[in-house]
Structure formats: structure tokens, C-alpha cells
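Given chain A's structure and the hints, the job is docking chain B onto it.
Protein sequence lines, in the order shown, are assigned to chains A and B. For the first sequence, the residue numbers in my numbering are 6 to 149. For the second sequence, the residue numbers in my numbering are 240 to 650.
Quick caveat, the hints were computed from the structure, so don't treat them as lab data. Careful, some of the hints might be misleading.
To be verified - With a straight-line Cα cutoff of 30 Å, these simulated DSSO-like cross-link-like pairs (lysine-lysine) come out:
| hint | chain 1 | residue 1 | chain 2 | residue 2 |
| --- | --- | --- | --- | --- |
| 1 | B | Lys410 | B | Lys356 |
| 2 | A | Lys11 | B | Lys607 |
| 3 | A | Lys129 | B | Lys356 |
| 4 | B | Lys356 | B | Lys273 |
| 5 | B | Lys644 | B | Lys503 |
| 6 | B | Lys337 | B | Lys407 |
Given next are the chains, with one letter for each unit.
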Amino acid sequence: MGCEPKPQPINYGSDECAYCRMMITDAEFGSQIVNNQGRAYKFDSVECMAAYDLTEDGENFHSKWVPNFLDREEWLNAEEAVYLHSETLRSPMGLFLSAYADRTSAEEMKDEYGGDIVDYEAVKQIVEREWLSNGSGGRQMMNN
Amino acid sequence: MILKTIIAGLFALLAQPGLAQIVVSPDGEIKSIKQAVEMAEPGAHILVEPGTYMESDIGIDKPLTLEGIDYPLIDGNSEGFIFVIAADSVTIKGFNIKRTGRSYVRDYAAIMIEGVKDFIIEDNRLEDVFFGIYLAETEGGVVRNNRVEAFDTREASSGNGIHLWSVKNPKIIDNEVMGMRDGIYLEFVDNAEIYGNTSNENNRYGLHYMFSDGGRYYDNIFRRNGAGVAVMYSDNVDMMNNLFEHNWGTAAYGLLLKDINYSKIEGNRFYRNTVAIYSEGTNEVHIHGNDIELNGWAVNIKSNSARNQFTENNFIENSFDVRTDSPRNNNEFEGNYWSQYEGYDLDRDGIGDVPYRPVSLFSMVITKQPESLILLRSMFIKLLDTAERIAPVLTPKTLYDENPKMDQIVR
Numbered sequence: 006m007g008c009e010p011k012p013q014p015i016n017y018g019s020d021e022c023a024y025c026r027m028m029i030t031d032a033e034f035g036s037q038i039v040n041n042q043g044r045a046y047k048f049d050s051v052e053c054m055a056a057y058d059l060t061e062d063g064e065n066f067h068s069k070w071v072p073n074f075l076d077r078e079e080w081l082n083a084e085e086a087v088y089l090h091s092e093t094l095r096s097p098m099g100l101f102l103s104a105y106a107d108r109t110s111a112e113e114m115k116d117e118y119g120g121d122i123v124d125y126e127a128v129k130q131i132v133e134r135e136w137l138s139n140g141s142g143g144r145q146m147m148n149n
Numbered sequence: 240m241i242l243k244t245i246i247a248g249l250f251a252l253l254a255q256p257g258l259a260q261i262v263v264s265p266d267g268e269i270k271s272i273k274q275a276v277e278m279a280e281p282g283a284h285i286l287v288e289p290g291t292y293m294e295s296d297i298g299i300d301k302p303l304t305l306e307g308i309d310y311p312l313i314d315g316n317s318e319g320f321i322f323v324i325a326a327d328s329v330t331i332k333g334f335n336i337k338r339t340g341r342s343y344v345r346d347y348a349a350i351m352i353e354g355v356k357d358f359i360i361e362d363n364r365l366e367d368v369f370f371g372i373y374l375a376e377t378e379g380g381v382v383r384n385n386r387v388e389a390f391d392t393r394e395a396s397s398g399n400g401i402h403l404w405s406v407k408n409p410k411i412i413d414n415e416v417m418g419m420r421d422g423i424y425l426e427f428v429d430n431a432e433i434y435g436n437t438s439n440e441n442n443r444y445g446l447h448y449m450f451s452d453g454g455r456y457y458d459n460i461f462r463r464n465g466a467g468v469a470v471m472y473s474d475n476v477d478m479m480n481n482l483f484e485h486n487w488g489t490a491a492y493g494l495l496l497k498d499i500n501y502s503k504i505e506g507n508r509f510y511r512n513t514v515a516i517y518s519e520g521t522n523e524v525h526i527h528g529n530d531i532e533l534n535g536w537a538v539n540i541k542s543n544s545a546r547n548q549f550t551e552n553n554f555i556e557n558s559f560d561v562r563t564d565s566p567r568n569n570n571e572f573e574g575n576y577w578s579q580y581e582g583y584d585l586d587r588d589g590i591g592d593v594p595y596r597p598v599s600l601f602s603m604v605i606t607k608q609p610e611s612l613i614l615l616r617s618m619f620i621k622l623l624d625t626a627e628r629i630a631p632v633l634t635p636k637t638l639y640d641e642n643p644k645m646d647q648i649v650r
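Same shape as in the complex, but just chain A (with noise of 0.2 Å):
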């Protein structure tokens, strides 16, 4: 055994985010939900996983992970992480979420950008509002 199912490296400018179709090139938002069998469905953000996470059967989910946003090199597991959601902080489906270690980094993010600190649950919970609720992924804010 021994083989651990664990976050697999994303290819920024070619590896396709498997909610929304386009390509991962931010390496400070891509995200990734691993399985049991250690294969890593890849996104471009922290918003498309959640999506997945919410609209796919997630009975042979082993652990999902999103980047940190202050240290693009460590994987943290999403479910442990804390998030800003900030208007002013941009992410690449436009809703607003970065992903951090700890309370007190996602503090000092805050102080700059402003916004609020949430937890994966409330992440889910933004994009059932935003994407899920009322039909395809982001139609609501054309009208921002």
C-alpha cells in the first residue's frame, strides 16, 4: 500500500479546469479535488471546485485542496483553509475567493482588501447563490 491519494502538480497554460473548460493559468487559484484512486480533477479556482464539489457525486472524493494564496507552492486542504472574499481581490470566475492558512494571514489580507473571511461551507454556499440557484455559472452578474 502506501499510495496515499495526494495533490498532483497542475500544468498552468495547458491542464483545463474540468468545471468551467478553460485553462488553469493562475497558480494562485487553481484548486484540485483528488480521489480515491489519487486521479486529480484540476480547476482555475477555488469557485469552479466548489461547484464540483456541489453539482458532482462526491462518494469517491478523497480530499480537495486549494492553493495558498500567500505561498503558491503550499497545498492546503480546502476544508481546513480560510478564504477572503473581497471585491477587490479578483479571481479568475469572478467571485471574489483566495485561499489562506490561517486566520490571522486571511486578518491581514482583510485590513488591505477589505471584504469578509468565510470558511469552505460559506465558500459553497456563495456559489450555490451565485452560479447554482438561478441556471448556468455567473449568468446573474451581468447585471453589475
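Frame of chain A, contents of chain B only:
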């Protein structure tokens, strides 16, 4: 020189009361563009003589025309923005601009235009910039004949060449963009008019629509980008007479459609792309009169795409014509030319007497088992495909072209 300037200025004053001309020159009285902007009356014409100007964050808060003579260089020294336009009716013309700031949280651009209308950005050359020309909450305005170039070898650290966010009725014409993340990027843009542009060798897409309805793009060239064009979450976009070529790679497409409705794809040429047209969640799009030649797959259409019509296209020597993920088909293929068609035309009316089924059995197999691609062009596969054509078992029963053209459609 100064005398000439004063005389020119006097003439301008005499000709149009209230207007004025100011000349900026490295060895003249006014050495900085920023200073000229500060002292200018609204409506003034600022002429910038050749030379190098180390300046950034040049804020423009009144209607002005800034014109470079022989492309004076504005070097931002990798700090912040270069021009920030916050007034209506501003023209920026004829500059060479280099070295904006770079940041993960701020979209530093060479020319930032925010919350205004009636601007003209033309004939500028931008190099080594993070974002090139950035339009935010603008209305109207023209971006014409600019060149934006930034080959940044560090992955994922480039911004977009021409970036539009929350914009109404922009015109993006005859620009050349290369080496950026997206060549031209649109998010929440209504009725964009995009034509005559060349967008090559960008890391992600040549042109990228997100949540942007209406308008059209035509007569553009998209070559060797991560993928040619991505049109996503948008309705009523017309795509005409463009060239999509050499977009190769694992996630590379000529044209990627995702959640698109009521649009038109007409008269385009798709040449040597991994997938010429990829379609997911796409409905009521009319794909008519295109040349789709020498691609890996001509069309990859997902089962959540419906009521799309493929008519009078030339499908020429693609490795596979159509790929899909479902035995059901809700799209129409009618009157296309397929170079792989092996039917006959006994009544000589130019239309094949038996329908053509563009989804080959083998393309269904490799969708499930990519490793089997090694068998492509083997006799075994040819036999399988022939058998499947005579008595379809696995390929979609309703996906066929009933009136395939015998000869390539001449345009």
C-alpha cells in the same frame, strides 16, 4: 524649435478658441508628459517629441489629445500604471510604452481607461507590459491599430493584451497582440465589435468571451495560442470569416464553446487544430459555410448541446470528423462536404445517395480508451468502421448527414 512651438501654439489658439497645443520634448521647456497634462486646458492637443520619458501613473482627468511624434518611448520603470484615463474624449496616439508594474493583486496596465466614453487609443506599441490596454466600465470608444507584445517566460504571470471588463459597445480593430495570457479578453461586455485583429502565441486564448452578449468578431487571425478562441457563458455572438490555426496541445482548441446560445459561426477557416470546434452546453448555434481542414477532431460536441445546425461546411482530411459522448444526438448535420465520405452518387445530382455518419466507431473507442489511438490507420480499424457504417451499433443512430455533398463546396 521653441519658436516653432510657440507659433504652432498661437495658430492653434487662433483657430479654435479655448484649445491649445503643448509640446513636450526631452530638451524643451516642458520635459514631462505629466506636467503637460497638468497645465493643459480641457481639449488641448499635447504633442510629444521623440525621446525617452521615464514616467508612470500619468493621470488624465480632462478631455485631451496626446500624440507621439515618431513613437517617443514612455518607460514605466516597472512601477504601477503608465496612463490612467478618467475623463471622456481622450485620445492616446503614437506612443511606444514599456515596463508597467507587475502584481498578483493589481491589474497594472499600460493604458487604463475607467468609467468614461468616447476615447480613441490608436497606433501605440506596447512591450513588456503586465496588462496592455484595459477598459473598465467604459462606453463606446475605439482601440485601433495598436501592437501589444510581452513574451514572459515565467508561467502564468502575464496579464491580458486588451482587457475589457463591464464595457458597452467597444470597437477593437486592427490590433496585433502576442505573448500575453489572453490576447483579447471580455468579461461582462455588451455588443463588442472586434475585427481585423491578429492574436498569436498567447498563453491561454487568442480571444476570450466571458458573460458577454451580442456583437460580433470577424476577419481576425488566431494562430498558435494555447487555444484559439473561447466563447463562454455568452449569447448572440456572431463569429465570421476568422482564421483559427495551429492551436495544438492537450487542451487546445480552435474554438471552444461553453454555455453559448443563439449564435452564428460562418465563413471561418479552421486549420490544424487539435480540436477545431469544441462545444459544451451550446444551443441553437448555426455553423455554416466553414472550412475545417486537417484538424485532429473537426468537432467535439457534448450531449448537452442541442438544436445546433451544421450546414454547408467543408470537412477536409481531419483525423476524425465528429466526436460525441452520447448515443443520442440533438443536432443537425445537413449538406456538408466530408472528404472521408465513401458513398456514391448514381443520379449525379452532386449529393451522395447514402447518408454519411461522421462519428466513426473508432473515435467512440478512443474516447473511452485513449491508448488505442496507436491503432489509427490500421486495417483492423478500417474494417471495424466499414462494418459500423453498414450496420451502426454503437455510434449515434440519429447523427448523420443525409445529403452529403460529393464535391468540396466552392466559395
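Given hint lysine 273 (chain B) paired with lysine 356 (chain B) - CA-CA distance at most 30 Å: At roughly 22 Å apart (the allowed maximum being 30 Å), lysine 273 (chain B) and lysine 356 (chain B) satisfy the hint.
Next pair to validate is lysine 337 (chain B) with lysine 407 (chain B); report whether the Cα-Cα distance is within 30 Å. holds (28 Å)
Measure nothing beyond the straight line between the CA atoms of lysine 11 (chain A) and lysine 607 (chain B); if it is 30 Å or shorter, mark the hint as holding. holds (25 Å)
For the pair supplied as a hint, lysine 410 (chain B) and lysine 356 (chain B), confirm whether the alpha-carbon distance does not exceed 30 Å. Judged against 30 Å, a Cα distance of about 12 Å means the pair holds.
Hint consistency between lysine 129 (chain A) and lysine 356 (chain B) [alpha-carbon to alpha-carbon, up to 30 Å]: With Cα atoms ~38 Å apart, lysine 129 (chain A) and lysine 356 (chain B) exceed 30 Å; violated.
Pairwise hint evaluation, lysine 503 (chain B) against lysine 644 (chain B), where the allowed Cα distance is 30 Å at most: Judged against 30 Å, a Cα distance of about 22 Å means the pair holds.
Hint 3 alone, counting from the list given before, is not met by this structure.
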